[in-house]
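Protein chains in written order, with this note's numbering: chain A, 1 to 325; chain B, 1001 to 1111.
Any given hint could be a false lead.
Partner residues aside, some chain A positions facing chain B, computed with beta carbon under 10 Å [said to hold, decoys possible]:
#1 SER18
#2 GLU22
#3 ARG62
#4 LEU145
#5 PHE147
#6 GLU185
#7 ALA188
#8 PHE241
#9 ILE318
Label pairs and their calculated CB-CB ranges [stated by the list, open to error]:
#10 LEU1019(B) / ARG317(A): 29 to 35 Å
#11 ASP115(A) / ARG1003(B): 38 to 44 Å
#12 LEU1024(B) / LYS237(A): 40 to 46 Å
In short, the hints are calculated from the structure, not lab data. Using N, Cα and C, we set each Cβ at its ideal position, and we do this for glycine too.
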Amino acid sequence: MDEARLTAWLRATTGDASLAIERASLLSGGAIQQNWAIDVSGGRSWVLRTDNAATLAVSHGRAQEFCLLRAAFAAGVTVPEPLFLCEDGAVIGAPFFVMARVAGTAAAHRVVRSDTLGGGREACVRALGRELARIHSITPPRADLAFLGPPPDDPCRAFIADQRAALDRQRHPRPVLEWGLRHLERTAPPPVAPVLVHNDFRTGNIMLDEAGVTAVLDWEFALWSDPHADLGWLCAKCWRFGNDANEAGGIGPRAALYEGYGAVDDARVRWWELAAHIRWASIAVDQAERHISGVERSLELALTGHMVPGLEWEILRIVEARDAA
Amino acid sequence: MLREPPDATDLLATARDVLLNELLPALPAEKAFAARMVANAMAIAAREAAQDDAWQGAALAHMGGDVRTFAAAIRAGAHDPGTPRHTEVATLLDDVTRARCAVSAPKVIAR
């Protein structure tokens, strides 16, 4: 990263001609983005978020993520305050944005083992329910979120169509994922008015400290959909990180999450929990494909592919139980 | 049986023990995740090497010889509950997935 060019850009953007970057270090980023911790003169602690070389086509770019963050911040969602957006790829090599740096930990395996993070298990998932309710208060139409496209008439059926299109783009047919999707089609609840859905609201993307939630992260998959999709993604067994008894993200009890949220249609959440396993399996297939195709050779991506059979097993068990009920 | 022992399964298991018991404790903390990933990959490869893969041919025959056509039939509802082959197809999917998990995710089916 060219710190001189970045400094010049930040000086021009903030109007602070003496602004200086005192320290820049790469944080443990995801597979898609790079996050840099930037310490700036005047005691300012920022995060600069930009793209890795290989980027998943399904995720929003930095400019869109910045708009989502702004909308969420305005709706009272606990997110890092979005500060500046740079769409000029020439400054550091790719578009980026700068946001406030927030303290806390998001590391999933640490979070599900802790009885105290987030203010304790019950308080934490109740707070997560409140965060989701705030996110879902954002409804279409929104000119600032026009890049999300028109909201679907029927979010559940739109999900099924999207997933089938994803399977059709993949190299190998997936009978078990088809089995799960067909079950979803047979049991789809009636249409519901779409709201802004975070679409990756899970343990690992939520930053916590001992007092509570400090930031809801990773907005790049957001879309207009059924609000229960976020509750189902958080509660899905595949995102409990082994702590299955705590059904809300491996963190706390489902009932407390629902209480924090407000009105919840539990049957819809359960439908979306099956949907979550199917979507995660399909993402895992795509991630392994990046390794197999040579786009990004990576042991982590290669091993992600081997999560698919386990997810399929869970899909078969859920479908079996739902058909028997 | 004309190959020289020890076989792939043995070599991978033995090498994995060295990695986890001798190398991992000597590695800096930030390299532990990578070492565990290597150990995981070796375990998957060892299970794959040890698995009798006759199940694949049998499953393919059960699917009518073409997985894509079979998957499309499921999508079209041809094997929904109440159809003649529903139970048979459900069992087939279970069997295939169990065999896939035996390599990729043995803990899932052990539960």
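Let me make sure I understand: some of the numbered hints might not hold for this structure. Which ones are they, in numerical order? 1, 2, 3, 4, 5, 7, 8, 9, 11 and 12
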